[in-house]
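Asks: Listed here are the chains, written in short residue letters.
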Amino acid sequence: MMQTILTVDDSPSMRALLRNALAGEGYAVTSAVDGVDALERLEDDEDGVTPDLVITDINMPRMDGFGLIEALRAQARWANVPILVLSTEFSDEKKARARSAGATGWIVKPFDPVKLSAAVRRVLI
Amino acid sequence: MQLDEIQAIFFQECEEGLATVETNLAEVRDGAGDGETINTIFRAVHSIKGGAGAFGFEPLQCFSHHLETVLDLLRTRELSATPDLVGLLFAAFDVLSDHVASAQSGGPAPADAAVLARLEAAASGGAEQPADASAVPVAEDGAEEMDFDLDALMADIDLPAEAPAPWHVAFRPGRAAFDNGGDPLPLLRELEAIGASVLSLDLDALPRLHALAVDECMLGWTLAVPGTIARADLEALFDFMPDGAVVTIATHEATVDPAPEATAPTLRATPAPAAAAASKDAPVAPAAPAASPPPATVPDDGGKASGSATIRVELDKLDRLVNLVGELVITQAMLAQRLSLHGVGAIDELSDLDHLTRDLQESAMSIRAQPVKSVFSRVPRIIRELEAGTGKRVRLEVEGEMTEVDKTVVERIGEPLTHMIRNAVDHGLESPEDRVAAGKPAEGAVRLAAEHRSGRIVISVSDDGRGIDTAKVRAKAVERGIIAPDANLSNEEIENLIFAPGFSTAATVSNISGRGVGMDVVRRNVQALGGRIGITSVFGKGSTFTLTLPLTLAILDGMVVSVGAQTYVIPLAHVVESLRPQAGEVRRFGPDAAVLDVRGDYLPILPVGRLLGVEGSCAEASAAVLIVVETDAGQSILMVDGIQDQRQVVVKSLEANYAPVAGLSGATVLGDGRVALILDVETLVQRQRGDLALGLAA
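Which chain is which? The protein sequence lines are A and B, in order. So for the first sequence, the working numbering puts the first residue at 1; every next one is plus one. So for the second sequence, the working numbering puts the first residue at 1001; every next one is plus one.
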C-alpha cells in the first residue's frame, strides 16, 4: 500500500517542493499549513488513516512545529508516528529540543530530493 | 506542478513576506509592536530564507540569514530595538527587497556588503555597538561567526586518509529506540543498502520471554561498513538515534567495544528471534497517556498578523467569473426589456432578479478587489530613498490603505503614485533650513490618503511644503508656448499646467523627479484608465495631488447615445455637459469644421457620425445633441443624434474579441441585445485635432 506523508509548512512553495519530491518517490502526500491545521486534519480524518510519517516545519504561525509534535505525542494514536522536523539549522541544542518534543528526526533546509528521501527512508518502515 | 510554478509561488510569498516585514517594522519603529511583532518579522524572513535556499538563490539566502540572526537576537531580547537598530532593519529590508527582485529577474545581486557588515556588527556586538556603518569593519566579513558545514569538513579530512579500510560499527539502539516513532529497522536497511554486512548480533541484553517488552529494543549489531563511505556520512546515518543509543565507529584495526556505558541490561536471555526489531505493527505503547486532549494553544502562538484566511485562485478563473457575471447582467437587462415590451415588466420577481444580479456583480467584482495597501506599502521606501537623496526629512501619514479597488487598477496606481510622492518630496517640501526659516517644523509632512467617493477611488498626496508659485508656472508656460502671454487663467488652471505636454520642469529637474517621465505622461496613463489627476495648491502652505480612478475597469459608467442607426457609449468620465445649441451659437469655418461658443470658449465640434463613417447621422449641429467632453487636449464637443440613456455597461474587449480599432476603446452588449461600441474619446479628439491642424495648414 502507498505510504502517506503529512507535510506541515506555512509556506506554499515549501509544501509544493515537498509534495513534488515525495510524490516522485511514490508516497501519497497530504499537507497542512500550520500546527493547528495539521491537528484539525488529523482529528477530522474520518477514515482514521494515520499518516505513516509527518514532516513539519518549526516556525509557523498559530502553532509551531514543536507545539504540533507535543500535541501529537500526547495522544496514544499519534504517539508512534514518525515525525521529521524541517528547519534551516540544527544546532545540538535544537536537535535536543526537537527530540524532547518527540521528533523522530530532522531535515535541514534547504534539502535536495536525495537528502529528503534519505531522511524519510531512515524513519519509514 | 513544475518547479517554475513552485518558484512563482515562492516569489508571491516573498512579496507577501516583504509587505509583512515592512508593516511590522513600522510598528516596531512607532513603538506599537510587541513580542509577536518581531516574531512575525522573523518568520517572514525565515520563510524567505528557506525558500531561497530551496531554489538556490544563494545571495538572497545568505542575506536573509544574516538579517534573521539579528531578528533572532531581538526576539530573544538579547538585542533591543534602538532607533539605530530599527533604522538598520529598514535598510536591511530595502536590500532584502532588492535581493528578492534580483532573484526573480535573474539580475545581478544588489550591493549588500555595507548593510551585511552592519548586521554582523549588530549581531556580534550586541546593543552596545553603534549600528553605524562607519564604525564597523567592513572587510572582516564575519570571519568569527562564519557558517561552515562540519560534516563536509570532516568528510574532506577523512575521505583521503581512511577510504580503503572498512568501518566497524557497533550499534545498540537502546531501550528508547522505538520512542518518538523511531525504529532501527530502516537504518539497518539503509546500512545494508550502502553495502554494510552484519558481523554479529548481540543478544546479551535480551531478557527472558516473560520480561520482554515489545516497545524496547534489546538487540545490538556489529557491522562492517565499506571504507568508501565517509565517516561523516556514516555518522549522519545514526543521527536520529535517540539518547541511550550506543554507536561506535572504528576502523577495523581498532578495538570495538560495543557498550561500555550502555543502558546496561542485566537480564540474560535465551536467544529469541530478532523479530523484536520490527515492531511497527505491534500495539501502541501502553505507556502513552490515553487520549489526553491536545493543548489548544502553544506558547509561540499569537494569531496576530498571521493574516485572514485566504484562498489562492488563478486570475483566469476569477476573470471568467467576472465575465460570466457580466453576461448575466446583460441577459438580465435583455430579459427585463423584453418582458416590459410585453407589459410584464413590473413584477416583483423581476426586480428581485435585478437586485440579485447587481449584488452578484458587486460580489464578483469585490473578489478582484484588493486594498491599495500593497501599493501604499511601497511608499515608505520611496520616501526613505528621497530623504537620503535630498537631505530632507519627511514624516509620512497614511490613511485609508485598506480601501479596496480592482486588482488591475491597483496594479496601475503604482506609477502615478510614485510620481506624486516624488513630486511632493522633491518639489513640494523645502529643505529643513528653509522650513525652519518659514516658521515650519524642520520635518516635512506628506499625507497619503485613499477613500471611496461616489463609486470611484480618490487617492490624494498632500504635502505641507512651499506650494506652487503660480506666477512662475505661468511664466514658464508662456515661455514654452503652452499658453498665450495674455491667456486668462484661473489659479487652478495654472496649477494644472504642470500636467500639460511639454511643460517640462527641466529647470528644477533633479535626479529624483527627473528620473521618470513627465507629469503629462502620468496624466495620460491615468486617463487611459478612465481616471483623472489634478493638483490644488496654496502658495507657501503646500500642495495636494488628487488621483481619481474607477473602482473597476470591467464596468463603465457611460452615456448611451445614438448616431444614425448606431448606438455608442461615451465614458461618463469624459462628459462635462450636454447641450442643444441655439441657432447662431455654432460657428462654421471651412466646409467641415465648426466650433461652438460655450460661455466664451470656442470648442471644436466633432461629428461622431462622420468620424466613424456612420450613414444617416445628423449632419447639422443645430439639430444635434452636443456633448462637451474633457480630454487631455482640453475640452471638445462630440456631436451625436440623441442621448438614450446613462448607465453602467459591462466592458468587453475589442482586442480580445476582434481587433483593436482606433477611436474605440471597447464594446458592450445592451439590454436589447445589440452591441454598442464604446468611444475612445481621447483618441477621437486627438485625431480630429490633428486633422484639423493638417487641414488648416493645407
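Hint data in this document are derived by calculation from the structure and do not stem from the laboratory. Using N, Cα and C, we set each Cβ at its ideal position, and we do this for glycine too. Please note that the accuracy of each hint is not assured.
[Unchecked claim] Derived Cβ-Cβ restraints for the label pairs, each shown as a range:
1) A:Asn20 with B:Val1675: 43 to 49 Å
2) B:Pro1432 with A:Arg97: 46 to 52 Å
3) A:Arg77 with B:Pro1083: 48 to 54 Å
4) B:Glu1190 with A:Arg97: 21 to 27 Å
Asks: It remains to establish, for every hint, whether it holds in the given structure.
Replies: Checked hints:
no.: 1; hint: A:Asn20 with B:Val1675: 43 to 49 Å; in the structure: holds, 47 Å
no.: 2; hint: B:Pro1432 with A:Arg97: 46 to 52 Å; in the structure: holds, 51 Å
no.: 3; hint: A:Arg77 with B:Pro1083: 48 to 54 Å; in the structure: holds, 52 Å
no.: 4; hint: B:Glu1190 with A:Arg97: 21 to 27 Å; in the structure: holds, 25 Å
Going down the numbered hints, you'll see the structure goes against none, and every one checks out.
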